[in-house]
Structures are given as C-alpha cells and as structure tokens.
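Chains as they are written, first to last, in our numbering: chain A, 1 to 583; chain B, 1 to 194.
Don't read these hints as lab results, they were simulated from the structure. Misleading hints may appear alongside valid ones.
As the list claims (entries may be wrong) - Calculated pairs, SDA-like style, for lysine to any residue (alpha carbon to alpha carbon, straight line, at most 25 Å):
(1) 62(B) with 7(B)
(2) 164(B) with 1(A)
(3) 93(B) with 306(A)
(4) 400(A) with 298(A)
(5) 318(A) with 115(B)
(6) 94(B) with 315(A)
(7) 149(A) with 197(A)
(8) 351(A) with 526(A)
(9) 325(A) with 104(B)
(10) 94(B) with 456(A)
(11) 40(A) with 456(A)
(12) 318(A) with 302(A)
(13) 550(A) with 115(B)
(14) 2(A) with 119(B)
(15) 227(A) with 63(B)
(16) 460(A) with 513(A)
(17) 63(B) with 247(A)
(18) 177(B) with 561(A)
(19) 2(A) with 177(B)
(20) 514(A) with 138(B)
(21) 208(A) with 191(A)
(22) 353(A) with 477(A)
Keep in mind it's a predicted model, so treat the numbers as computed, not measured.
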Amino acid sequence: MKSLLSGNEAVARGAWEAGCIVATAYPGTPSTEILENISKYPEINSEWSVNEKVALEVAAGASFAGARALVAMKHVGLNVAADPFFTMGYSGVTGGLVIVSADDPGMWSSQNEQDNRHYGRHAKVPVLEPADSNEAKIFTRIGFEISEKYDTPVLLRLTTRICHSSCLVDLGQRKETDIKGYVKDMKKRLVLPAHARVLHTIVEERLKKIAAYSELFRYNKIERGDKTLGIITSGVSYQYAKEVFPDASFLKLSLTYPLPEKSIRKFAKQVRRIIVVEEGDPILETEIKAMGIRVTGKEKIPLCGELTTRVLRDSFFKVRKSRKKEGRIPPRPPVLCPGCPHRGFFYIVNKLKLVATGDIGCYTLGALPPLNAMDTCVCMGASVTNAQGLEKALGKDFSKKLVAVLGDSTFFHSGITGLVNAVYNKGNLNLIILDNFTTAMTGHQPHPGTGKLARGEQGKRIPPEEIARGCGVELVRVVNPNDLKATEEAIKEALAYDGVAVLIFRRPCALLVKPRTPYRIDPELCNGCRLCLHIGCPAISLISPRGREKPLAVVDEALCVGCGLCVQLCQRDAIVLTEKSDA
Amino acid sequence: MPKKIANTTNIVICGVGGQGIILASDVLCQAAFLEGFDVKKSEVHGMAQRGGSVITHVRFGKKIYSPLIEEGTSDFVLAFEKLEALRYAHYLKKSGRIIVDNREISPMSVLVGQADYPANIDRELEKSGKTDFVDATTVAVELGNMRVVNILLLGVLSKYLDFKRESWEESVRKNIKEKFVELNITAFNKGQTS
Ligand SMILES: Cc1ncc(C[n+]2csc(CCOP(=O)(O)OP(=O)(O)O)c2C)c(N)n1
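Excised from the complex, chain B in its bound form (with noise of 0.2 Å):
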C-alpha cells in the first residue's frame, strides 16, 4: 500500500436496495466531515435499486483521490444483510471487521427454490474478518420503525470511529426528518452501547 493513501478509512456499506444505505452513508460522511476529513463517497442508483443487491463506498482521510475502495483494504464493511456482507467481504483488509445485522432475506432464487441461502453463513463471514452480528432488525422494530435499522448499525460503527458525539448528532439533525431525529438517536444510542 502506498503510503501516502496508508491513513485513509474504507468503510463499505451493503445491503438490500430499498434499506436505507444511502442515507446511512449520508450520515456516516456528513460526520466525517465535521471531524475535519476529506471525505468521498460512491453509490448506486436506478435499476439497482429495485431490491437488488446495494453497495456504497465512503472514504476519509488527508487527502481522496478515488471514490471506490480497492478490493482488500476496507477497514470495515457495514451490512445489512448477511448474504450481502459475503457478497463484498473482499473488500475487506486482512484487520478489518464486519459489521453486519442479524438477517437474511432471501433472493428470488432462494425464494423460487433454485438456489440456497448459504448454509454456514456467520462462519464464513468470521473467516473473511473479525465480525460483530447485531440483531439491529429486532432492536429497531422494539424501537416502532423498521427504518432505523441504518441509524442503529452506524452507532455499532461510532465505536471503533475515533468521531466527536456532536459530530455524529449534527449529522444525524441534518439529514433526517426533524420528526424521527430523536428516535434515530435512540436508535443510534442502541447501537453505540451494544
């Protein structure tokens, strides 16, 4: 790795389309901002979209030039779903950690019976890297808004961010409905002491 890119954070975010990815690397890059970062991001829009599998690229640091991770030097990957967190586990550096939410929903094919869910899928998953499961789904729907899952799982991510409180709170203010802000940082909050 060259050294000049060597400070740079990689966080992958992945999941199905339709969960909520893209305001959750809103968030996570809006906070890396106010951190003071160079800060770029790659998402996907369109066809894509339409449940398909999702991924988008955040980086920060000193100084970004591309928008995507190269393969193998993620240092973490955010899912939000297990099967897509195995998809874009490549991404993932030898140190890096998944971050990944206790679910799986199955894709046309498994739901038709012409493929299977992958049998042994948090063992894999703990091969590719360090992995914490978080039951984001069943915390959020406690909480009353399946929506809040993307919240939730960026908290889990604050631990290992060295980002201020207030940087996060701000972030959170200004891309969400002033309505749902205190929930998501409940939600957040969740995340964080998990």
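If we strip away everything but chain A, and leave its shape as in the complex, we get (with noise of 0.2 Å):
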C-alpha cells in the first residue's frame, strides 16, 4: 500500500517498522513532527525530553538496554547533544540507535544553516542522505541494522525539504524486535581513557568495515546515462539534479559517510566531465578532490541558502532573469499573533528603555519594530548567561536597566544551569520567564512545565517558580502579562532589587484558548494618536476615511481575540467591546 507522507511522518514509519521500542526527541523546526508520529503508535516508548542532551542520553540508555532506540532533532539541537553523541560514536551500541538530524538550508526557523554532514565525520559516525520521504523511511530501517551490524550509532541526515516534503511512500509491516536485555560491559559503556583507547582503534577498524559495506550498498548506486557528464549528489539535490541534468549520467550516493571510494573512481572513470551538486558544504567535493579526482562543485554552486532546480540552473546555465517583484511589495514577516500573552511585556521593555538579552521562541519575534524590544539572540538559553556577561563587565549598575528573557519551554531547555550560575556567582540577574503553558514556536508541545507527557498522559507538573525558589532566588514573582500596570511593577521592583530576581509572566498562549469578545474603536472618540499601534497588533490598523481630518484606527474584528491590552493604552477610553458576544 502507498500513502502520501512527508518526510517525517516517513521516519515515524520507518521507526515504527523496523520495530523500534524507545524514542526521545526535544522539538525543532523542520524536525519536530517526527516524534509527534511516532508518539502515536502504542509500541514505542516515546518521550519529549528537556532538551536534545538528555534525548539522546535517554535513547542511549535504551540501547545499552539491548533496544532499538531512535532520537530527533534540528540541526543545532546536535550542538547540545554534541557530548554524548563523540562518545556514543566511541562506545558503540547494543539495540540499534539512529540519531536523526533535521538541517536547515535555508534557515527557513533558525539561526544557522550548519551542515551536520560534518559531524558523522567529526564523531566517526555513518551518515545516511534519503532524497524523499519514501528513502527516509527506508534508511531509518537500514540505519537500525547498520547500527547492530557494526555496532554504532548512525546519523540519518535530514533537510527542511526532506522533512517537509511529501510524497508516495510504500508502507510495510512492522517486525517486532528483541530487546537484547542489560549485560554489563565496562570495556564499552564505562568510557574512560584507557577503555576510550581501545575503543578508538575499534572505531577506526570498523569505519574501513562500513566504507566495504558502502561499496556494496545498493542505494549507493550509478544510473547510466550521458557519458560526457556525470553528476555526484546526495540528498534533496539529487531531485534538482534530476530536473537540470536529466540526460546526464548519475552517482546518487545514500551512505554519504564513509564514502564508497572505489565506486566514485569508477564512476569517475565512464565519464567526461563530473559535476557534484551538494547543498551546504563541499563535503563530497573536499573528500573526492582528495582522492585526486576532478570535479566540479562550489565553485559554481552557492554555498549559501537553500539549493533549488533554480539556483541549480542559474550556476551552469544562462538564464531568464526573476521576474521577482521584490521591493515593491511589502515584506509580511511573521508576527506575535493577535492577543499574544508575549506582547504586555515587550511594550513595557520598550517603554523604560531596557537592555533585553533575548532567548529562542515566538518571543523573539518581540525584537521586531514596532516592540524592538530584544538585543540579543545567541543561542536556547544564553538569555540567561549573555546578561551575566554584561553584568561582569559592566557593572551592576549596568544590570539594573538589563532583563533576560526566555520562554517556558528554553527555560526548562537550558535555562536552569544559568539561573544556578547567577544566584552561585552573585550575580544580579533580572530573568524573565515568558510562561504560555507550552512549546508555542514549534507547534505546542508539551515541556515539564505543562506535566503533559508526549502520548497525552499526565505527568508531574513542574512550576518554574518553584525551581526558582529552589535554586535560591528570594525575589520570585508570578504575573499576568495582560495587566499593564502590573507588568510594569514587577519589573521595576525586579529592577530595583540586589541580587537574581525572576519573574514570570503568565498566560497561556492565544492560540490554545478560546477567543473572548473582540473590541473596536468608536470612531467619535478616537483622535487618532496612534498609542493603540505601538503594541504591533495585528488586529489594529490606521485608516485616513475621506472627509476625516484625522486618521482613524480600526479594530479587524475578525482578527480580535479580546485581550483587552490596547485598551489600557487608550487615554480617551475609545477602544470598546463589540455588541456581539460569544458567551
């Protein structure tokens, strides 16, 4: 049977096929849905950790336990997994264990397109490409067993248009597998230096093991066609590939890590002229111009941005220039949506001038005008630290117009060790925690702060401001974000005070409750000063009706989800509730 599936709907599959028992994930955009499948499917253990370290730890776990094991996350995730993921590469397997790496060419949702091809390399790990979603099903399953047959994690190398991309997928059954049971082995798991030493020629032996296996391995494969050129690739740009160079001669390569030489030198030897398309880093390229092989590669293709069949033809061929209208049209980048429990708080950082280290979220979005209300993003988490920076260097007078905001989710991701860092070192810190009850950027997932499990189940809540208080913070404060008025106390009051003082705003996010009455503008009242704008709400604009002197602003109704914070901001009491009411 075929179904329709993206690609991470796809590797749920695979996962689910290939009779995977746990699976770990923190979510991350285009990542995010793999594990929100797999959680569906009642034969696999599946969770969302705190953060993408502990995923990988847990799913780790699970395969010391003799499990097939399978962890997912965005590209920069594998940064914070980055630890155990070198010693994993060093430590081996015993279930199965399939990292999954969801890159960002792009950046369509983050702050790097890093190529996490690099970091198979990096660790020694093998390195799977699919090209669509039916491959990415396929090779989650082959990851499981190239994992148990070599005994090594496997990263399964996904992009945004891999992830996001649907297409036809054959589905198969699923073969339940043994969980091996626990065995200790210390010369294994216990990875210190003199073990780690054995185990490094290990790894080494076994990479030349896998690069035989990579000769063989039928998805590594040539597909004949013109012999004056021949294209190596892998991935996504294979589709590409296919459409700017259908006539030419084709070496799509599956196991991109450790590479099938003497299948490239083969390759190399029918053709002319080898052009190898990658998007990212010249990955393939560096390692086949290594083998003295010559090729064309980023020289012509961008290193920047997403690859497309476009950017492909534009760097062989002449074409037609874009008919792109771009600069007459205005740009429309996303925006903190109507009655966001975010914004109460961005307009009153606006309004008192403050430094704001900021964090990763929808709330980054309140660093854009009219809010500008966010200094830095660096990283999930550095909110918390960056301020402390600031404060060293500075002083603590500096500290006293300076928060450092982050939401609920990065709170629990890796704000806590920051929060520790600044009540151990003295710090002043003035934290901000945006609580709307859930994982609002990457769709509402669930985190400790909500005690909701990953297959719906209640878990045990845990409150930020009790981990605050436990971490030894005596100013601790819960506000809701929607009072203007309060807002602004509290984060004077927090302003004011020596030593960490957090604050948490919350309010659940407006998209997970239902809308309250919508208001609008008595167009009698309103002069037209414009105040109500400065809180960026989509729902508000300013019109100039004929026959009117001054200009008028006017609620979208549609849009209005009563959150009631512009008409704290009106001084002629203009902004009304609408006759309709839904109660």
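Bring the two chains, given one by one in their own frames, into a single complex with the hints.
The following block contains the structure:
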C-alpha cells in the first residue's frame, strides 16, 4: 500500500516498522513531527525530553538495554547533544541507535545553516542521506541494521525539504525486535581513558568495514546516462539535479560517510566531466578531490542558502532574469499573534528602554518593530548567561536596566543552569520567564511546566517558580502580562532589587484559548493618536477615511481575540467591546 | 523545458500563516494521488507560520523529482490574499492562471503606516497572468465559517483540473474532521460553480 507521507512522517513510520522500542526528541523545526508521529504508535515508548542532550542520553540508555532507539532533533540540537554523541561514537551500541538530525538550509526557522554531515565525520559515525520520504522510511530501518551490524550509532541526516516535503511511500508492517537485555560491559560503556584508547582503534577498524559495505550498498547507485557528464550528488540535491541535467549519468550517494571510494573512482572513469551537486558545504566535493579526481562544485554552486532547481540551473546556464517583484512588495515577516501574552511584557521593555538579552521562541518576535524590545539572540538559554556577562563587564549599575528574557520551554531546556550560575556567582540577574504553558514556536508541544507527556497522559508538573526558589532566588513573582500596570511594577521591582530576581509572566498561548468578545474603536472618540499601534497588534490598523481630518484606528473584529491590551493604552476610552457576545 | 517534466502540473498555494494553506495542499495532493499521479508537495512550518508569508508547492504528473516548483513554470498560483499572490506571481508560467481570494490583509509595516499596500494590485496581478478574483472569504462568512475558504478555493481550482468528483470528495473526507465535512463540501461546490 502507498500513502502520501512527509519525510518526518516517513521516519516515524520507518522507526515503527523497524521495531523501534524507545524514541526521544526535543522539538525543533524542521524535525518536530518525527516524534509527534512516533508517539501515535503504542508499541514505541516515546517522550519529549527536556533538551537534546537529555534526549540522546535517554536513547543511548535504551540502546545499552539492547532495545532499538531513535532520537530526533533539529541541526542545532546536535550541538547541545554533541557531548554524548561523540562518546557514543566510541562506545557503540547494543540495540540499534539512530540519531536524526534535521538541517535547515535557507534558515526557514533557524539561526544558522550548519551542515551536520560534518558531525558524522567528526564523531566517526556513519551518515545516511535520504532524497525523499520513501528513502527516509527505508533508511530509518537500514540505519538500525547498520547500527547493530557495525556496533555504531547512525546519523540520519535530513533537511527541511526532506522533512516537510511529501511523496508516495510504500508502507510495510512492523517487525518486532527483541530487547536483548542489559549485560554489564564496562570496556564498552565505561568510557574512561584506558577503555577509550582501545575503543578508538576499534572505531577506525569499524569505519573501514563500513566503507567496504558502502561500496556494495544498493542505495549508492549509478544511473547510466550521457557519458560526457557525470553528476555526483546526495539527499534532496539529487532531485534538483535530475531536473537540471536530465540526461547526465548519476552517482547518487546515500551512505555518504564513509564514502565508497572505489565506486566513485569507477564512476569517474565512465564519464568525461563530473559535477558534484550538493547543498551546503563542499563535503563530498572535498573528499572526492582528495581522491585526486577532478570535479566541479562549489566554485559554481552557491555555498549559502537553499539549493533549488532554479539556483542550480542558474549556476551552469544562462537563465532568464527572475521576474520576482522584490522591493515593491511590502514584506510580511511573522508577527506575534493577536492576543499573544508576550506582547504586554515587550511593550513595557520598550517603554522603559531596557536592554533585553533574548532567546529563541515565538517571543523572539518581540525584537521586531514596533516593539523593538530584544537585543540579543544567540542560542537556547543564552539570554540568562549573556546578561551575566554584560553585568560582569559593565558592573552592577548596568543590571539596573537589563533583563534576560526566555520562554518556559526554553527555561527548562537550558535556562536552569544559567540561573544557578547567577545565584552562585552573586549576580544581579533579572530573569523573565514568559510562561505560556507550551512550546508555541514549534507547534505546541508539552514540557515539564505543563505536566503533559508526549502521548497525552498526565505527568508531574514542575512550576518554574518552584525551581527558582529551589535555586535560592528570593524575589520570585508570578504576574499576568496582560495587566500592563502590574507588569511595569513587577519589572521595576526586579530592577531595583539587589540579587537575582525571577519574574514569571504567566498566561496561556492565545492559540490555545477560546477567543473572547472582540473590541472595536469608537470613531467618535478616536483622535488618531496612534498610541494603540505601539503594541504591534495585527488586528489594529490606521485608516484615513475620506472627509476625516485625522486618521482613525480600527480593529479587525475577525482577528481580535479580546485580550484588552490596547484598551489599557487608549487615553480617550475609545476602545470598547463589540455588542456581539459569544458567551 | 525538458520534455520529461513537460506534463507535470505545478500549483503554488500561498497566503498568510494560519489561513489553512497546509490543509488545502493536503486535500489537493490526496486528490491528485487518487487520480493516480505521482505527487510531491513541499511546505514550511515553524517560524514562518506566525502570520507571515507562506508558500506551499504542489506538483503532480507521471514522475516528479523536485519537491519545489521552479520560477516561471507554475500552472496555477492559488492565493488566499492579494499581496501574497503578487509576491509569488513570478512562479507563474506565461499561460498560467492566478486564482485569488478578493481579500487584502495588511502586513505590520502597512498597519503602522511605514509602507503602502500596492494601489492597483488587481491590475498588477492581471499583468502577471489570467486572474480569477474570487469572493472566497465573503462566501465563507455567509456559509458561517471563515475556515472553509481553503476548500472553496480548491473548488475554483477544480474547474481547471480534470479530476473526478469522487477524488475530491474522498480527499476532503480523509483530511477534514467528520463534523465539518458537509460544510466543506458545500464550500467546494460554491467554488466550483462560481
Ligand atoms: C537547541 C535548539 N533546540 C530547539 C530549537 C527550536 N526551538 C526554537 S524556540 C523553541 C522553544 C520555544 O518555546 P518557549 O521557550 O516556550 O517559547 P514560545 O515559543 O512558547 O514563546 C524551540 C524548541 C532551537 N532553536 N535550538
């Protein structure tokens, strides 16, 4: 049977068919739907872990027990999980261990476009690169097989256009696997220097064996075509190359580390000229050049940004200039939703002209105009610690106008260690946790602050305020961010306080609650002063009706969810409830 | 255009994040699949969905490689908003057709008065290709649910695609919660007869 699946759905299906027993992940675009879909299979014990390092370590523990385990994350998640990743490369596995990294060329939803194929080479872990959903499913199963056969974790490397593209996938049935059971093996799992020295030599031998396997691997395949041009490619780049060079000969690589050197040499002899088509860094290209084979690659194909058929065609042929109407069309960047509980806090930060070290989540949109209320965004958790560095360098006075801002999911992910650091090192951190009871940015996954688990059941809820008190913070406040006066007062109290203060602005994500009665603006009372525009609500706009001297603010009642933030700004009480009541 | 992909149908679906664009592309793909085509679709999730500009690529035919539509090769641009139709109009091929909801949603820069919504946008669109302006939101509101705009627009598209009625209906049933199926089929019919 065939079904239309996205790459992420296909990985989930592949894990299920392969008899995977444990699955873990921390959400992150474009990887999130992998665990969302795996958690629908009752046979797989799945969890949202607190961060990627935790997720990988839990999966590694399951592998120690002899169970097949999968862990999924976005590309930058592997930075967080890099420590256990490298050591698992030495330690190897008992139950198959597949580590899924979803890279984001083009940075649709990320802060960089790192190419995680480097990680495979760096940690000496084999890398599989599917070119569509069907391969994503098959390679997940093959990943487990390679993992167990060669005693190694396997990196399944996806990209946005694999994760979030759909195509027809052949569905199979689940093959149950045995849990081999836990057997103590210190030489393998207690990775001390003495053991690691032995393991390293094993790893090098293992790579030679996998390279030999790579030569015979049926998905490293030659497609014979025109002999004047050979294309070497992998992943989604294959699809673009097939459209730009439909008649060429192809060597489509799928197990891209370690590379099948003999097959590459054989292919090179069959064709007159070779182009390496790869998105991101010149990884295949560099290795193939090191074999002494002449190829064309990144001198023609851009290093930066997403590869597309158009970009590839443009690299080799004269194409008609794009008819894209850039410049004349106002851009439409993402915005905080109408009624977003993050908005009130950012309005006050802007009003008080504070410096705000920021973090990653929906709330990063508070950096955009008209709020302009965030100064930095480095990586998850860095808001907390960047603020401490600013204070260390500039002194305590600076912390009187400095706040560190992060979301609830981000706090659990990597904010807690920074908080402990501030208390321990006698900082004057003003930590703001924007607690909307969810991981909103990635599509509303639960986290410890919600107490809900991946499969919907109730777990234990861990309130961030209790963590703060447990860390030794004495000034802890929970505030409603839709009350602007209370928000401003709380922030001023924290700024004035000597020592670490934690403010939790708590209100559920606007997308998770029923909209209330919308507001409208009384045209008799509105004097067009624009004050209500300062909160950047997409439901409010300014119009200039004919015959009216001053502009008029209007509320789009279809968008307004009745949060009432704008009402608190209007000096003329012009913003009033619509008659229409949904109660 | 190489012969091999000449018989592919390309459809760009675009609009503002949160308008039900992904669901529209799911229904379209499923219908194309039921018609026996090879199908590919590519969309964006996450950050881009928060009220931002959103584009989804749908392709079907005998054999599809790239999940992305190349500029200047799209048979249709199905747009949920006029500015978004214009933003992605360069995907359209010469003989292509734009189907657009008669709706204007101002981006933040326009709301706060820093930029203007293009004045003669209807004419600009018509310069890019044949354009069907559809009062999809208006009709959807009359039907009692804004959310059916997406299926209504698919109804309009269905006039130009040679799919069997059953394929569309089965796809709607597969992708939409049971209690909304009838409403959505009504919306589809409204679009098809518009
Ligand atoms: C290491 C890492 N993992 C995952 C992500 C993806 N990601 C971006 S923001 C975010 C969490 C946002 O949740 P929260 O902090 O609760 O803020 P909200 O979006 O709800 O406002 C995640 C998971 C990332 N950017 N970096």
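Results of checking the hints against the structure:
no., hint, in the structure
1, 62(B) with 7(B), "holds (7 Å)"
2, 164(B) with 1(A), "holds (21 Å)"
3, 93(B) with 306(A), "holds (22 Å)"
4, 400(A) with 298(A), "violated (49 Å)"
5, 318(A) with 115(B), "violated (35 Å)"
6, 94(B) with 315(A), "holds (23 Å)"
7, 149(A) with 197(A), "holds (22 Å)"
8, 351(A) with 526(A), "holds (22 Å)"
9, 325(A) with 104(B), "holds (18 Å)"
10, 94(B) with 456(A), "violated (50 Å)"
11, 40(A) with 456(A), "holds (10 Å)"
12, 318(A) with 302(A), "holds (16 Å)"
13, 550(A) with 115(B), "holds (18 Å)"
14, 2(A) with 119(B), "violated (47 Å)"
15, 227(A) with 63(B), "holds (23 Å)"
16, 460(A) with 513(A), "holds (22 Å)"
17, 63(B) with 247(A), "holds (15 Å)"
18, 177(B) with 561(A), "holds (24 Å)"
19, 2(A) with 177(B), "holds (22 Å)"
20, 514(A) with 138(B), "holds (23 Å)"
21, 208(A) with 191(A), "holds (22 Å)"
22, 353(A) with 477(A), "holds (21 Å)"
Violated hints, in rising order: 4, 5, 10, 14; the structure is consistent with all others.
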